[in-house]
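*Asks:* Take these sequences, add in the hints, and give me the full structure.
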Amino acid sequence: MLTSTDSPFGAYTGHATRTRPLVVFAHKGHDWIRGSEQCLLDLVSGLDREAFRLMLLTNGRTLAAEVERRGVEAVLVKHWSGGAVTNLFTHQRVTRLLRERGASLVHANMAVTLPLVIPAARRLGIPVLTHLHMPFASLAARHGALVRQSTVTVGVADHVVAPLRDGTAGSGRVRVVENAVNVERLASGDARRLRASLGIRADAFVATSVGSLIARKGQSAAIRAVAHARAQGLDVHLLLCGDGPDEPALRALATALGADQAVHLLGMRRDVGAILRDATDVLVATAHEEAQPLSVLEAQWSGVPVLASDIVAHRDAMPPASGGALFPLDDAEALARELRALAVAPARRREMAIAGQRFAHGRYDMRRYVAAFTALYEDLLAPAAHRRSGPRERVSTLSGGHAVLRTR
Numbered sequence: 000m001l002t003s004t005d006s007p008f009g010a011y012t013g014h015a016t017r018t019r020p021l022v023v024f025a026h027k028g029h030d031w032i033r034g035s036e037q038c039l040l041d042l043v044s045g046l047d048r049e050a051f052r053l054m055l056l057t058n059g060r061t062l063a064a065e066v067e068r069r070g071v072e073a074v075l076v077k078h079w080s081g082g083a084v085t086n087l088f089t090h091q092r093v094t095r096l097l098r099e100r101g102a103s104l105v106h107a108n109m110a111v112t113l114p115l116v117i118p119a120a121r122r123l124g125i126p127v128l129t130h131l132h133m134p135f136a137s138l139a140a141r142h143g144a145l146v147r148q149s150t151v152t153v154g155v156a157d158h159v160v161a162p163l164r165d166g167t168a169g170s171g172r173v174r175v176v177e178n179a180v181n182v183e184r185l186a187s188g189d190a191r192r193l194r195a196s197l198g199i200r201a202d203a204f205v206a207t208s209v210g211s212l213i214a215r216k217g218q219s220a221a222i223r224a225v226a227h228a229r230a231q232g233l234d235v236h237l238l239l240c241g242d243g244p245d246e247p248a249l250r251a252l253a254t255a256l257g258a259d260q261a262v263h264l265l266g267m268r269r270d271v272g273a274i275l276r277d278a279t280d281v282l283v284a285t286a287h288e289e290a291q292p293l294s295v296l297e298a299q300w301s302g303v304p305v306l307a308s309d310i311v312a313h314r315d316a317m318p319p320a321s322g323g324a325l326f327p328l329d330d331a332e333a334l335a336r337e338l339r340a341l342a343v344a345p346a347r348r349r350e351m352a353i354a355g356q357r358f359a360h361g362r363y364d365m366r367r368y369v370a371a372f373t374a375l376y377e378d379l380l381a382p383a384a385h386r387r388s389g390p391r392e393r394v395s396t397l398s399g400g401h402a403v404l405r406t407r
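For reference, each letter of the sequence shown is one residue, going 0 to 407 in numbering that gives the first Met the number 0.
Please keep in mind that the hints were generated in silico from the structure rather than gathered at the bench. Among these hints, one or two may not hold up.
Cβ-Cβ distance ranges computed for the label pairs, FRET-style [claimed, not checked]:
{"no.": "1", "residue 1": "329", "residue 2": "234", "range": "48 to 56 Å"}
{"no.": "2", "residue 1": "192", "residue 2": "136", "range": "41 to 49 Å"}
{"no.": "3", "residue 1": "259", "residue 2": "144", "range": "46 to 54 Å"}
{"no.": "4", "residue 1": "353", "residue 2": "202", "range": "43 to 51 Å"}
{"no.": "5", "residue 1": "353", "residue 2": "200", "range": "50 to 58 Å"}
{"no.": "6", "residue 1": "91", "residue 2": "259", "range": "21 to 29 Å"}
{"no.": "7", "residue 1": "277", "residue 2": "141", "range": "39 to 47 Å"}
{"no.": "8", "residue 1": "198", "residue 2": "164", "range": "37 to 45 Å"}
{"no.": "9", "residue 1": "141", "residue 2": "377", "range": "39 to 47 Å"}
Cross-link-like lysine to any residue pairs, in silico, SDA-like; alpha carbons within 25 Å at most [what the hints assert, rightly or not]:
{"no.": "10", "residue 1": "77", "residue 2": "87"}
{"no.": "11", "residue 1": "77", "residue 2": "50"}
{"no.": "12", "residue 1": "77", "residue 2": "67"}
{"no.": "13", "residue 1": "77", "residue 2": "142"}
Given the structure is predicted, the values throughout are model-derived calculations rather than measurements. Ideal Cβ positions, reconstructed from N, Cα and C, are used throughout, including at glycine.
*Replies:* Here it is in structure tokens:
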């Protein structure tokens with residue numbers, strides 16, 4: 000991927016034919032692959048290239064490289080958030096790029112992209128699908144007005160977009176497409192020797208947490224719970240998969256609690272599926288706020304029991320039928336009690352695993368995910384006179400993992 004100093008974009012190679020509509024993905028974020036980036040990659044991988052041309056605008060080199068590995072053109076936006084003059088220059092170049100390429104639709108992967116893409120899309124008269132990976136309530140103050148200008152807003156869970164259904168402008172253009180599990184990615188890797196490499200005994204109880212090491216993810220509660228459970232005599236270890244600015248503080252906390260030999264910070268891992276499958280007894284999800292956590296879905300799919308903080312996203316992802324268990328938010332002692340109870344109850348763990356797997360396989364199928372967005376694209380790209388009229392609809396799922404359109 001080439002860059003030039005006189006353009007806010009990376010250079011591109013070749014021009015695809017324009018006989019198919021061009022869907023332009025826009026993503027702004029840190030230079031990493033996390034939940035929202037993985038969702039975009041999974042969608043790009045699954046879309047029918049005979050039906051759509053695809054392109055990505057992003058400020059992240061890592062995401063751009065991953066998209067290009069999938070045979071999709073990535074354009075690197077170098078000055079996404081500069082001063083007023085820089086932003087004007089970038090807006091003009093984005094508008095020109097979309098016009099020259101014949102863009103048909105913009106898929107904004109998170110609301111933070113909207114200040115750039117909404118003006119360009121409005122000028123060109125092309126629809127914008129805004130894909131929310133965080134609750135609208137948490138971003139409304141900064142981006143709410145732009146979200147409401149989107150042609151359609153898609154949330155990964157109902158609670159994410161619920162505030163948009165308030166009868167104001169844009170409230171009728173809301174859909175829900177739940178996340179899905181990339182089975183091939185989960186099946187890759189081999190972590191059968193991980194426990195031994197970390198000095199963990201074969202009969203120890205291992206909890207795993209997956210996510211960025213940031214305050215919102217709440218991993219400090221998991222560390223405190225492990226320390227408490229060990230003080231009560233349980234040989235329990237915690238695997239933290241992820242990186243982020245809170246890593247030094249979490250290491251210091253583990254040391255201060257005397258649990259530094261039991262808390263293993265593994266950094267960002269590409270083999271999370273293997274770690275869940277080969278080295279984990281229970282997934283611990285301690286977040287304070289989520290939209291729809293991929294780690295919970297992946298653990299359920301893999302047949303790993305889940306203990307999660309009692310927040311709306313976890314309640315949505317873990318109804319009673321899923322077999323998971325909730326504990327009060329940030330309550331380390333309650334989590335420690337759950338860990339101790341599960342450690343001595345293999346039959347209960349098996350029941351939780353079977354229920355979670357059955358639930359996830361019926362709800363988070365990748366074919367359903369891709370089909371849902373394909374249907375949305377086709378609807379948005381249809382001539383205005385032929386678009387669906389009457390009550391607005393939202394994408395939902397039924398048992399079996401098939402996408403359906405359900406009238407609100």
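*Asks:* A separate judgement is required for each hint: does it hold in the structure or not?
*Replies:* Here is how each hint holds up against the structure:
no.: 1; hint: 329 x 234: 48 to 56 Å; in the structure: violated, 25 Å
no.: 2; hint: 192 x 136: 41 to 49 Å; in the structure: holds, 44 Å
no.: 3; hint: 259 x 144: 46 to 54 Å; in the structure: holds, 47 Å
no.: 4; hint: 353 x 202: 43 to 51 Å; in the structure: violated, 22 Å
no.: 5; hint: 353 x 200: 50 to 58 Å; in the structure: violated, 26 Å
no.: 6; hint: 91 x 259: 21 to 29 Å; in the structure: violated, 53 Å
no.: 7; hint: 277 x 141: 39 to 47 Å; in the structure: holds, 41 Å
no.: 8; hint: 198 x 164: 37 to 45 Å; in the structure: violated, 52 Å
no.: 9; hint: 141 x 377: 39 to 47 Å; in the structure: violated, 31 Å
no.: 10; hint: 77 x 87; in the structure: holds, 13 Å
no.: 11; hint: 77 x 50; in the structure: violated, 30 Å
no.: 12; hint: 77 x 67; in the structure: holds, 17 Å
no.: 13; hint: 77 x 142; in the structure: holds, 21 Å
In summary, the numbered hints that this structure violates are 1, 4, 5, 6, 8, 9 and 11.
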